[in-house]
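Assemble the whole structure, with the sequences as input and the hints as a guide.
Number of protein chains: 2
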Amino acid sequence: MKKTFYLLTVTFLLLSCNLASKPEQNSLLVRNIDELNNFINKAAPGDVIVLANGIWKDVQIEFYGNGSKNKPITLKAETPGKVFIEGTSFIHLGGNHLIVEGLYFRNGYSPSTSIIRFKIGDNKTAFNSRVTSCVIKNFTKPNRLTNDKWIEFYGKHNTLNHCYISGKSNDGETLRVFQDGNEHSSNHHQIVNNYFGPRPRKGGPRAETIRIGDSKTSMSSGFVNVSNNYFEACNGEVEIISDKTNYNTFKNNIFYKSEGSLVLRHGSFTTVDSNIFIGGDDSNFYGGIRVVSSGHWITNNYFYKIKGEEFRSPLAIMNGIPMSPLNRYKQVTDIVVAYNTWVDCKSPWQIGVGQNIKSMNVLPKYEIRSAPPIRSLIANNLIFNHESDDEPFVNHDNFEGILFKNNVLDNSDKTFTKYGVFENNTIKMKQINGWLYAPEFPQPILTKSIYFGYEFDKIKTDLFGTSRSQNSIGSISNFDTAEKFVINNNLYGPDWFSSEQRTTSPKIFKTSANGNELIQNIAEANSGDIIELTDNLYAIDNSIAIKKDITIRSKNNAQIIFNNPQETPLFEMHPYSFLHLDSVILKGKNNQLAFKPLDKKMSAAYNIDVKNSTIEGFGYILKAPKGSFTDILKFENSLIKQCNNGIVLAAEEKGDYNAEMVTITNCKFESVSNNVVNFFRGGYDESTIGGILSINNSTFINCGKFEENGVLLKTKGIINVDLTNNTFQNNPVKYVAVLWGAKNNIHKENILINSGEIKVEEQQKLEILY
Amino acid sequence: MKKTFYLLTVTFLLLSCNLASKPEQNSLLVRNIDELNNFINKAAPGDVIVLANGIWKDVQIEFYGNGSKNKPITLKAETPGKVFIEGTSFIHLGGNHLIVEGLYFRNGYSPSTSIIRFKIGDNKTAFNSRVTSCVIKNFTKPNRLTNDKWIEFYGKHNTLNHCYISGKSNDGETLRVFQDGNEHSSNHHQIVNNYFGPRPRKGGPRAETIRIGDSKTSMSSGFVNVSNNYFEACNGEVEIISDKTNYNTFKNNIFYKSEGSLVLRHGSFTTVDSNIFIGGDDSNFYGGIRVVSSGHWITNNYFYKIKGEEFRSPLAIMNGIPMSPLNRYKQVTDIVVAYNTWVDCKSPWQIGVGQNIKSMNVLPKYEIRSAPPIRSLIANNLIFNHESDDEPFVNHDNFEGILFKNNVLDNSDKTFTKYGVFENNTIKMKQINGWLYAPEFPQPILTKSIYFGYEFDKIKTDLFGTSRSQNSIGSISNFDTAEKFVINNNLYGPDWFSSEQRTTSPKIFKTSANGNELIQNIAEANSGDIIELTDNLYAIDNSIAIKKDITIRSKNNAQIIFNNPQETPLFEMHPYSFLHLDSVILKGKNNQLAFKPLDKKMSAAYNIDVKNSTIEGFGYILKAPKGSFTDILKFENSLIKQCNNGIVLAAEEKGDYNAEMVTITNCKFESVSNNVVNFFRGGYDESTIGGILSINNSTFINCGKFEENGVLLKTKGIINVDLTNNTFQNNPVKYVAVLWGAKNNIHKENILINSGEIKVEEQQKLEILY
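Heads up: the protein sequence lines correspond to chains Z and Y, in order. Just so we're aligned: the first sequence equals residues 1 to 770 in UniProt numbering. Just so we're aligned: the second sequence equals residues 1 to 770 in UniProt numbering.
Please note: incorrect hints may appear among the correct ones.
Because identical chains share one entry, a pair is satisfied inside a single copy or across any pair of copies.
[What the hints assert, rightly or not] In silico SDA-like cross-links for lysine to any residue, where the CA-CA straight-line distance does not exceed 20 Å: (1) Lys428 x Ile585; (2) Lys365 x Ser215; (3) Lys124 x Leu403; (4) Lys365 x Arg328; (5) Lys405 x Glu183; (6) Lys418 x Pro625; (7) Lys654 x Ile746.
No lab work stands behind these hints: they were computed from the structure.
Right, dumping it as structure tokens:
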């Protein structure tokens, strides 16, 4: 095969009063992987390898080279954002002084442990190298349970900057810094100016957006700098960031509506300064900063409407385990929390989180977090609530090891004097934008008495970089600077890429009584479109594949009758799908399933929202296979009857689970013989807080008659269960439910008639995962 | 009381091209504690407070002040070494930029937790302060079991230099660095140019000479510098130095005949460079470097005749506990051992020390050291033996996690090829002094192939500071520099103090047959003198106090008959005493004791050496009270008969014990009814390796007839027991001994006639102490 190389030689002349003029630089355009490999092999310091615009499919690039500080070797897109890396692809770097720039990873996944990796194979480590201005979007493994990390840091002095990364739904952190070995610790990596876009809930552990180190390398230092990044909807698990080595810095990051926390997990001596945590009323899972171990300085941070509880609370200072094993919870000691502001958060300060002395009998000794924080200081902080908070400070154990000094609380019309840790007062705060409130000055209560702790002279500036020479309680010391603050989108991600999606009006397909037309319309529709059933009866012979966000609705309760004789689902749910059903009747046979995700390749979650509908006669309403995950599963104002089985989400093990939010409201279940609900989590890992099952205002009649273990609603291992205001009548079971009291399983106002009882076990004996 | 202050104003004019001339300095002579306190209260930067020559008794000095970098506040002796601090005294420092100089602590002890302390009370911490040119000698607590530390470091940037410290025999480290709290961690303390003189064996844990931090602060950094110190006979326990925090440095220290190791215990990333370990043939307890945890660099060290085993071996790299609790054993990872030299050591390299998988059934999971070292490198080292060593490398578990490169072994006439970790070769080494051997150059085997590991460019010099530009395997790369090396006594301790003791010839007292004269001569004798019994019979009515090193001998087996009717000892042993008996007969009654230390105030050890003698008729030969300790207890060629009890050393608990070296050789025990030997250690802490009981070539006849638990020689909890070549005849017991197989308890060639058996329990169930 004849190879054609396009060689562009460009001569630069840089004039500078300090530097010698830059020598010639070779810029080499390559059009395929062979050319690319060839040039990589030949590359000399200063060379620039340019990938031609277009789609590069199945390219597994091992970029090895040795540039120098002033003459790095660069691998870049011809036009940033016009070079698409697709299929089974990755780029791994090894050597010294390399730059990768402008690539867009999409429509595929890495066949390796990672997409971007600062090491090739076992020992060709990269140093002083940088990946910049790249995008990775939905480049997720086909099997959700297969682990990878999209970005693996090894070596020292490497950088990821101005990248956009979103849509990882499989097992494994989005970005991981490895510190196993002297070549990789004290590494001073820079993770700066990136946009970490949405990462969906994973349903289980190992879904952090960033993780630095692990428990086994937690004695090593990182000096990793994570600054000026934007995190949006990073909902993978309870930890957005898991900091597990020492001396790392998190500064000037914005966490926007992310259902997790910045967690100082195993690392010590972390700097957490001038970060912004933006929550809202739409979720109780947005988190703040969770603290374990020693010597952290948490200063100048701003929290708005963070309402997460306990592990996800705005400031969660944990209890430790005495003489903790390496992978559990070191006692909190010697931390400083100063000059932070919480606005409209719920119970923002929680001290001794994770205290579990009551579990002494069901957990081993080395799981009991009985050591409260000590030798710590919380000073000069501000809590401001437009509506009063009943408990702005939650004491889970003993807070006497913490010195509280000059913390001001404006709790609206209700002072909070319990524990004596606040100065209650009225503060004038002015709204600057949707989430930012700043105090106006002068306000003597904020400036007249400021506690000066050990080494507080090191806190020189406030949240927005204003000098603290004119000092104030809270993260903002100067109103004028705060008033001028806007989130600068140019700071985050590549300049050529925008994460904003255009919104178009949905198209409405009017579908007459013809099963094939229904199937065809669904296939033709774009995500967001609506299928409106205009007739009464639709006979369907084969499964309908749902691959996008589709609404099927009718005005007159149209019936969809499923005739396929096989054990097959009426609706086959694909990754990223969302099926909305409104006012329809689904009728099936007792070997069929109403809904079922794919058996394999469920790379991302599916969602189902059923309202005002009837489902009858099926073998299963839903049966989740292993590896599938539904983020939202919702039944409202609907009737489910005459089915062998109900909703079965019980195929996982080892801490994973099949669904996050399962909601049943105003429904009636009648004559469902088994598994009315079977929502199961095998194995316990507290780093995830799910799933969530809510059953309200619903009725269950004549259900569970073949239930072998005698439990109607099976919820084993699920963390949040709420059974409220339901009626259970004539269900021949021993237990309507067996709840886990210690893990937010609650029941109230239920009526039980001839239906067994609801039992609460405060502590359940757990299979521990680590 | 009228106070007279002596004010000497001295004007200095310092000429310097960079600094402004120094202002006036006040030098204030004080004569008593009131004057001293008064001046301390008034002291201004630059002031010098001078303690008048003489004895300062019961002075508890709290030296608080705030000097500045260029104008410290100094508290010094009028003449260094002529100011004696005695009685119940201490000096504690608080504030900034203080200097203490030239004090001599003796004849007393601190009533506090410490003698020198860089903190006053709870929170007046000292920073940037220095204690220099002081001596602390035998300033030890009256009760050996009462804990103190002689020197307590708090704060940051404090220094102890040119001090001499010896004779601590009570519980507690000689010097401890505390890192509990941000004021005290990352402290950069300097412990340099000190002379750590003899510290006797303590018989239990907590007798390190230096300890930095503890397990609970082991995540914090120290940056403590321990350099250019001399350690002589620091025998307190198995750890001379216990390094428990991160980033500390041990450089250019000399460890001379010290029965312990430099132990990298909980800390990580320690630098151990260019230290010299000098042992000898006279002890098998001299140790080297023991390694736990991560990231240590052990380079350029020199070891001569270090023959300690396992925990004390010249290089002991330990096995860790998987996910170790904070206070146990982290796995060894990422260490580098390069360019070191071992000359005439015994089994110098031991990998996986402490592996105790066999104890799985008697110890909890978190005690099992099953994790071998990983990701480590041992390169460019030299082992040289004048006589071949059967096992220069001992593999306790699995050494595959270590990369061995270019290590050269000259094992005399015997190559060692097992494991393949050495290049066997003949090296030319030339003796420079009693302990130093250096290779002559050129020797291609040492210079032609040197492994260049990651960051080896940082190892710029060799043991004696010669540049490694002309590089070589081993710690010495240049013969000429090595040849010129002498230990420079001026480097260590105060210039006004010498630790060398003059030796005088002993005086011999000829003592005729008069008990009172015997007592009087003993009282008059100086330490080292000899009492010679010239007649046959000495009747003694009262206990004889032994307060020094005394020999009592006779040529014709003189009898000493003890007539006191009370339950009292013939010889009352005091601290620091050593009683030698040669060819005497001691006769007592069955409520008396032949030997007994004081019940209280046994601040230091006593020693007894009995040979060619007979002891008969006593209630006890020896009964050790709690708090007493005998370092050497020796019976040789002697007969012990007709006693109710033999040697009882069983009053301690919690890991302490009453004796270190107990030796019985060529003796006969006849009709000793109970406790022929009862040597007990309650509770197990592996950080000490004792006691040591050796019974050889001896005979036991008709003993143990009232032994309640049926064991003749009780050795419960004792680590080293050797029963060899003894005869046991007609002793009505079930067991002659019950030995602890796993802990170096051995028996061989014993004859047992009508005397029960010797049982070996490989594992004993232990009470763990921590």
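Status of each hint after checking the structure:
1. Lys428 x Ile585: Neither: 56 Å inside a copy, 96 Å across copies.
2. Lys365 x Ser215: both (19 Å within a copy, 18 Å between copies)
3. Lys124 x Leu403: between (49 Å within a copy, 17 Å between copies)
4. Lys365 x Arg328: both (12 Å within a copy, 15 Å between copies)
5. Lys405 x Glu183: between (43 Å within a copy, 18 Å between copies)
6. Lys418 x Pro625: neither (50 Å within a copy, 54 Å between copies)
7. Lys654 x Ile746: neither (24 Å within a copy, 49 Å between copies)
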